[in-house]
Every structure is written in C-alpha cells, then in structure tokens.
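Enquirer: Since chain A is already given, all that's left is putting chain B with the ligands on it; use the hints.
There are 2 protein chains.
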Amino acid sequence: GAAAAAAASASLKDPYAGDPARHPVLIPRTQKPFNGETPGSLLAAAAVTPTDVFFVRNHLPVPAVDTQAYRLQVAGEGARALELSLADLQSRFRKHHVTATIQCSGNRRNEMSAVKPVKGLEWDQGAIGTAVWGGVRLRDVLKAAGLSEDDPAVAHIHFEGLDTDPATGDVYGASIPLARALSPEADVLLAYEMNGAPLSADHGAPLRVVVPGVTGARSVKWLGRIVASPSESASHWQRRDYKAFCPSVDWDTVDWDSAPALQEPPVTSAICEPAPGTVLSAADGEVTLRGYAWSGGGRGIVRVDVSADGGRTWAAARLLPPPPGAPAHGAYTGAWAWTLWEATLPLPAAAGSSPGPDSASSSVTLVVKAVDSSYNNQPDSVAGIWNLRGVVNNAWHRVTLPLEP
Amino acid sequence: GAAAAAAASASLKDPYAGDPARHPVLIPRTQKPFNGETPGSLLAAAAVTPTDVFFVRNHLPVPAVDTQAYRLQVAGEGARALELSLADLQSRFRKHHVTATIQCSGNRRNEMSAVKPVKGLEWDQGAIGTAVWGGVRLRDVLKAAGLSEDDPAVAHIHFEGLDTDPATGDVYGASIPLARALSPEADVLLAYEMNGAPLSADHGAPLRVVVPGVTGARSVKWLGRIVASPSESASHWQRRDYKAFCPSVDWDTVDWDSAPALQEPPVTSAICEPAPGTVLSAADGEVTLRGYAWSGGGRGIVRVDVSADGGRTWAAARLLPPPPGAPAHGAYTGAWAWTLWEATLPLPAAAGSSPGPDSASSSVTLVVKAVDSSYNNQPDSVAGIWNLRGVVNNAWHRVTLPLEP
Ligand SMILES: [Mo]
Ligand SMILES: [Mo]
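Chains as they are written, first to last, in the numbering used here: chain A, 897 to 1301; chain B, 897 to 1301.
Read the hints as simulated data drawn from the structure, not as lab findings.
Honestly, I wouldn't trust all of these hints.
[Stated by the list, open to error] Cβ pair distances, simulated, as ranges:
#: 1; chain 1: A; residue 1: P1217; chain 2: B; residue 2: A1051; range: 39 to 47 Å
#: 2; chain 1: B; residue 1: R988; chain 2: A; residue 2: A1051; range: 48 to 56 Å
#: 3; chain 1: B; residue 1: S1144; chain 2: A; residue 2: A942; range: 52 to 60 Å
#: 4; chain 1: B; residue 1: H993; chain 2: A; residue 2: A960; range: 50 to 58 Å
#: 5; chain 1: B; residue 1: K1012; chain 2: A; residue 2: Q986; range: 24 to 32 Å
#: 6; chain 1: A; residue 1: D1153; chain 2: B; residue 2: A941; range: 28 to 36 Å
#: 7; chain 1: B; residue 1: S1177; chain 2: A; residue 2: E1182; range: 19 to 27 Å
#: 8; chain 1: A; residue 1: V921; chain 2: B; residue 2: S937; range: 58 to 66 Å
#: 9; chain 1: B; residue 1: D1146; chain 2: A; residue 2: A1171; range: 28 to 36 Å
#: 10; chain 1: B; residue 1: K1012; chain 2: A; residue 2: T1261; range: 20 to 28 Å
#: 11; chain 1: B; residue 1: A941; chain 2: A; residue 2: T1261; range: 53 to 61 Å
#: 12; chain 1: A; residue 1: A1051; chain 2: B; residue 2: S937; range: 33 to 41 Å
#: 13; chain 1: B; residue 1: Q964; chain 2: A; residue 2: A1130; range: 54 to 62 Å
#: 14; chain 1: A; residue 1: T1209; chain 2: B; residue 2: H955; range: 50 to 58 Å
[Stated by the list, open to error] Sample of chain B residues with no beta-carbon within 10 Å of chain A, all distances over it, derived:
#: 15; residue: A1063
#: 16; residue: P1073
#: 17; residue: A1097
#: 18; residue: W1133
[Unchecked claim] Listed below are the simulated DSBU-like cross-link pairs for lysine-lysine, each with C-alpha atoms no more than 35 Å apart in a straight line:
#: 19; chain 1: B; residue 1: K1039; chain 2: A; residue 2: K1039
#: 20; chain 1: A; residue 1: K1039; chain 2: A; residue 2: K928
#: 21; chain 1: A; residue 1: K1012; chain 2: A; residue 2: K991
#: 22; chain 1: B; residue 1: K991; chain 2: B; residue 2: K1039
#: 23; chain 1: B; residue 1: K909; chain 2: A; residue 2: K1039
#: 24; chain 1: B; residue 1: K1015; chain 2: B; residue 2: K928
#: 25; chain 1: A; residue 1: K1039; chain 2: A; residue 2: K991
#: 26; chain 1: A; residue 1: K991; chain 2: B; residue 2: K991
#: 27; chain 1: B; residue 1: K1015; chain 2: B; residue 2: K909
Even for Gly, the Cβ is constructed at its ideal location relative to N, Cα and C.
Next comes chain A alone, as it looks inside the complex (with noise of 0.2 Å):
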C-alpha cells in the first residue's frame, strides 16, 4: 500500500540524508544508521552526560518530525483514544524531572565478540550516559485514556516510534509490562526535554519515551503511539533481539521465545580512566582511575572494589556525589541514575622496583567490579555470560596497560 510505495521511493534516495550533524568527538560505530559512543574520558568527567556528546544509538534513520504538527497517538485495550498535542501534554499533565542512566543493551559488547564473534554493534564501555529528563509522567497520560491496573485485558504497553524502516516500512517498537508503566515508583516518562532543553533530533525529539532502570531498547525516540495491549510488543526488537542465551546457543539452535524481553538489566561498571593505550609510569607509584557502576530496577550502587593487579587483591573506590535528583548510594529502590567513582592505587613494586630485561613487556591489569543494593555482583569473565547477540555483558572490566619503569 501506501507504506510500501514511500518504502520505495525513500530507497531511491539516501534515507540517512536528513540526519542531524554530530558532535565530532563522538566515536562511530557505524553511520548509517548512525550510533556513536562518548569518550571514556567525558563520560568520568560529570555525573549529567552533556546532550552533544551523550550516545547515540539509532536504530533506522532519524525522522523529521513536524513539532506543530505532531500528535501521540494512545490508542489499544481498555484505552480511550487520545490523541495529543506537544503543548497539549505541557499544558494538561503536571512536568516531571528524572535524573536517568540510559545505557544500550550491547555497551561493552567488544569485549563479547573478542571471546567469540557475535553479531552487533561494537560498542566499548561508551554506550551510556545520564541526563536530567523533563516531561510527564507515562502513568498520567494512561490514566487519562482510562486505564487501570486492574484491567485483565492489559498486560503490556507498546511504544511506536516513527523511525521507520526505508525497506520494509516498519517502524521501530517495543513494550514494557503494565505495572511498570503504571507504577508511580517506576518513574516512567514521556520526556520532551534533555538537560533542560528541548530534546535533540538524535534523542527523539519531540517526544520520547524514559524507562528508568531497564534497558535502553525499550525508551524509544521520536514517540508515534502508544498502545494498551494484552501480549508483548510483535517488533523485531522486543521478540527477536535484545534476550540473551547460553554460551552454547549459535544462531542455529536459538529459541527466541524460551527467554524473555530484557527489562532491567544487571549491575555493570567500567574503567573510563586511564583510557585503553595509557603507558603507565612505575616511577609514579600509583594510578588513578575513574569510571562509572549503574544497575538496573532502581537498585543503586553500594559499592565499587578495583584492583591494580587483575583481580588478585582489591580496595573500595570513592563513590562521588550523585547527580541531582538521585538518592544516596546505596538505595534500595528509585536509584535510575549511575554512580562515578574514582581511586588511587598503588602500581605494583616488582615492576617498578627492578626494571630488568622484562620491564620493556611488564604490564597492569586494572579491574573494576560493582554491588548493587540486592547485593548482586557481576560475573570475573565473560565467557561464562557470553551470548550470540553479545547483549548485557557486565563481566568485571579489565583494562590492561603497559608499564614502563
């Protein structure tokens, strides 16, 4: 139909032409779709990610949307259709903040395929940022379709981009179960602002949604429909990516259904500094790292242990103030933002003692490893975890570094 014939005709030219331009310190991953990851080094720097230079991660070119013109669709079981202005929203649901960890299923998936190939985009530890979130909240507007927790036709709630794919015409979705949605502690927005300004063409403008503590995939941009529903999101994404397997499932033998959508994603943390390539000095005598930890469910950091010798022995970082907004550390519920920390450790006396025949080839692992408030810790390695998407690795992050006497 209709669909099919734009497909078309949007295929005869560069779909990916009316992309906004990027910030050049963003690092490709690949270009069209277009998604990029910020520096370790900006990532360490502050506890809100400026919007220029937080990731990017497009699924399929980025829609030009017509603000004036836009409305969200609510729409499905048990709804009331709704159908609502930008200033519609601003003007009939009370604005919310939520200071918020969004992080891509696949951030760290480099370390996955250096175990065994996966299919994925290959990110490094930059696939994440914090940004204060400004809109209303999800639960407000599906309250004002009429729905209720109690509804038994209703089990999940679909979010329809209008990214649309130029070959097939379909557009990118997902779904988040209707507890969440409705939960005034799950914090779920439909957020029009970005560290208070106007979201960004990249970042879903003009609307889009913010699912705390769950992953990535499911806060989807450029915010189309919404629609009540009794069974998961049908799309690609919800259904047939974003799961992760045994180590021994290959693309032969998965089963997409035996597991189920990732929602909150486990507790994770990475080494933003020293950056990869770093030749360490034995004369400093110690190192000071810096980097992040975040869990998913709103279960905040409790602590962070590095070590400076693969693992063998470790110290607690210092944790740094959370980010506006965010409780303290440690909290058991509502902690949707990440937590820096930093420490200085001791480099290790054999290598920098006596610099003999081997000092030219000695080297430093650092390790971080984080807990989260259900105590959860993550996994030494990853081989143990590794799966043929390559999503959701949390392995403790090593980076190894040479050291010069």
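Expert: Relative to chain A, chain B with the ligands alone:
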C-alpha cells in the same frame, strides 16, 4: 531490672532445655542455638520442602509461647496501638497464601571459609527451603493500625521476636522498609501456617513474618511486636551483621554503617545431586545433576546453565514445574519461590575412553550458575565476593567428584 534478673536466673539452667526435638536427617551446624540444614537430596526431591526437614536457623533459644495467651503488639510512630490474639488475626483479616523460598544469608558460607576464614555457621548449600505460608498480610494489619505510605514520619517497620538472649535480655530483631511492608505486590505475610499446618516451634509458632524475596534474617520468627519507625531496627542483626564488604575489609577496618542492611539477596543456585563424595563412573557415559536456583526481589529464574568440565562448556538445564502458587519461570516480578532443575550431561570422553595410569586420580568438576529475570548472573568465583561475615555467597557452585573408569 526484671529482664536482667530473669536473664540471670535463666542462665543458671540450660536455656536451650526447652528446645523441640529435631528430625535426625537435619545436618546440625550448631546445637545451642540449634542450626541445622537440609540434605541436598531432600531439597532436590520436592518443590515444596516438607516442614520437618526444612532448615532451622535459630539465633537464640526457642521461646515457649502460650498460643492462647499470645498477643501481637503493634506500636510506633503514626500507628494506633493494637493488641491482637491469633484468633483476632484469623477472624479480622483475610487469609492469604504465599509460596516462598527462605534462605539464610550465610548459605554456602563453607565455600567462603575455604578461601579465607570467616565468622559464622559453616553452612553448606542446605540453609534454604520453600514452603507454602498461610496467614494475613502485614499490609492489612498496618492499615488497621492507621499507617499509610504517605506518612513522612515512618520509613521502616521493625519486627521483634519473642526469642531472648539469656545473657543480655535482648530479643531478636530486624526491619524492612515501609514501602515493602505496605506494598500489595510484595506479599509480606504474618504467617501462622506452614505447608497447611500451624507453625512448629522451630519455625516461629504461633506467628512469624515471611518477607518473600528477602534474606531470611528479616522473616522474624515468634513475632512479638511490630513497631513503625523513622529509622531501621537498632538490633545487632540489622546493623552489625548481614552486610557484605570489600574482600580487603577485615574485623579491624570494617565500617558497618558504610553498607546497607541486606534485604534482597542476589541470584544463586546449587547442585544438590550428585552429593559430594559420589564416585562417578566413566562407563556410565553421563551424569545427572539436580538442584535449585533462586533470586531475591521476586525476580524469576530465566535459565540455569550446567557444566561437567569445570565451566569451559555449558548446557541449559531443564527447569522443573514451579511449585503451587508460583508464577511461570522467568517472571519479572512475584517469583518468590525457587526453581528446581535437572540436567544430564555427558561425562568427559577422555577420562572414560583412555583409562591409563592417571585414571584413578581423574576427577570431574560439575558447575551450575543461574540467570534471573534482570539477567543477573552469578560471579565465577568466591574470592572476588569474599567478605568477613561470609554472607551472600552466590559464586558458581562447583562439586568436584572422582571419576573411575
Ligand atoms: Mo540498544
Ligand atoms: Mo541467616
């Protein structure tokens, strides 16, 4: 005062003389107080653990409580004081059933001791069990006392046991956050039944708390008093125990206030069969493993991976049907009960196929690890999560067995 005098008098005779008899199959770790664990074969045998072989974890002598004279006290900030007999509870509040696993925070502590000594009971993997608990909702009783989510003066609900330290007169105590205590989804019970019968003396008769998805230490037995408070319970077990620290922290450096009280425990699993000491026969060609997997916070078990080569290769175990009243495997919320599993794995070919001079000393290391619905995985090894009290050991569970030709 009177308490001290009673305590002094009690100490003249054996304060444990009134303890009940225990099933001889329970493996005692201490006798006074009694602490005994369930053999692995009995854990793996049934999704609901029979009451008489359910692990017993007592901090103090079992109190003799007269059920007829018993009154539950409800008091504290913002609460209308209540005194409720068992008959009051049963007649004035609706009865609920919850199928929930309870696990001691020190379960599998013996593996931590093997790394470096810790203080605590030397539990193997049997300080866990699952029962169908019957009783009234804590929420309903707190509502009857006039407590509400919005009361700014209340943040924690304390539970005081009737079990009393004969030396000091202190009672066992713990607390949980108010939000959990009042949440209808959290299913916190004041239980008077276990597996369809009135509570036994060892399991808290006539009334105990059952906090599903939370470490056992908060499910206070022989419940005497509930107190609403702005702060956590001041009890030793809330503030100076049941917390984990960096492996480098010892008894000289520990800062108890720096870590939150353990509430939801992390995902864990264990091999219950074959039992330690079993001699495997390579001629059998395969080995069948059985065990449990469980996570805190109502996060269901998504997958259980098993290995017969020490964790080099993995296969997914078969998940057995959930116990009555439990949701389907992999539920995001409300999965309070463990998942039993089984798997049959080929024995390593090399050891079986070439019985040479080394075959008498060959061995097989069986391993299990589980994944919960937040895709939390277990850490590979104990060393990285070692802590001075030896709590929340959820490393991959390994059983090394001799392999005969
Ligand atoms: Mo993603
Ligand atoms: Mo315990």
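Enquirer: Decide, hint by hint, whether the structure agrees.
Expert: Do the hints match the structure? See the list:
1. P1217(A) to A1051(B): 39 to 47 Å: 22 Å, violated
2. R988(B) to A1051(A): 48 to 56 Å: Since the Cβ atoms of R988(B) and A1051(A) sit about 34 Å apart, the hinted range of 48 to 56 Å is violated.
3. S1144(B) to A942(A): 52 to 60 Å: 29 Å, violated
4. H993(B) to A960(A): 50 to 58 Å: Given a distance of about 56 Å, which is inside 50 to 58 Å, the answer is holds.
5. K1012(B) to Q986(A): 24 to 32 Å: 58 Å, violated
6. D1153(A) to A941(B): 28 to 36 Å: With Cβ atoms ~30 Å apart, the hint holds.
7. S1177(B) to E1182(A): 19 to 27 Å: 55 Å, violated
8. V921(A) to S937(B): 58 to 66 Å: 60 Å, holds
9. D1146(B) to A1171(A): 28 to 36 Å: Hint holds: Cβ distance 34 Å, inside 28 to 36 Å.
10. K1012(B) to T1261(A): 20 to 28 Å: 22 Å, holds
11. A941(B) to T1261(A): 53 to 61 Å: 45 Å, violated
12. A1051(A) to S937(B): 33 to 41 Å: 39 Å, holds
13. Q964(B) to A1130(A): 54 to 62 Å: With a Cβ separation near 60 Å, Q964(B) and A1130(A) satisfy 54 to 62 Å, so the hint holds.
14. T1209(A) to H955(B): 50 to 58 Å: At 33 Å between Cβs, range violated.
15. A1063: 31 Å, holds
16. P1073: 6 Å, violated
17. A1097: At about 31 Å from chain A, A1097(B) clears the 10 Å cut-off, so the statement holds.
18. W1133: Fine: 16 Å to the nearest Cβ keeps W1133(B) off the interface.
19. K1039(B) to K1039(A): 25 Å, holds
20. K1039(A) to K928(A): 38 Å, violated
21. K1012(A) to K991(A): Violated - the C-alpha atoms of K991(A) and K1012(A) are around 46 Å apart, more than 35 Å.
22. K991(B) to K1039(B): 15 Å, holds
23. K909(B) to K1039(A): Since the Cα atoms of K909(B) and K1039(A) sit roughly 64 Å apart, the hinted pair is violated (cutoff 35 Å).
24. K1015(B) to K928(B): Within the cut-off at roughly 17 Å; holds.
25. K1039(A) to K991(A): Measuring from Cα to Cα gives roughly 15 Å; hence the hint holds.
26. K991(A) to K991(B): Not OK: K991(A) and K991(B) at ~41 Å, beyond 35 Å, violated.
27. K1015(B) to K909(B): 27 Å, holds
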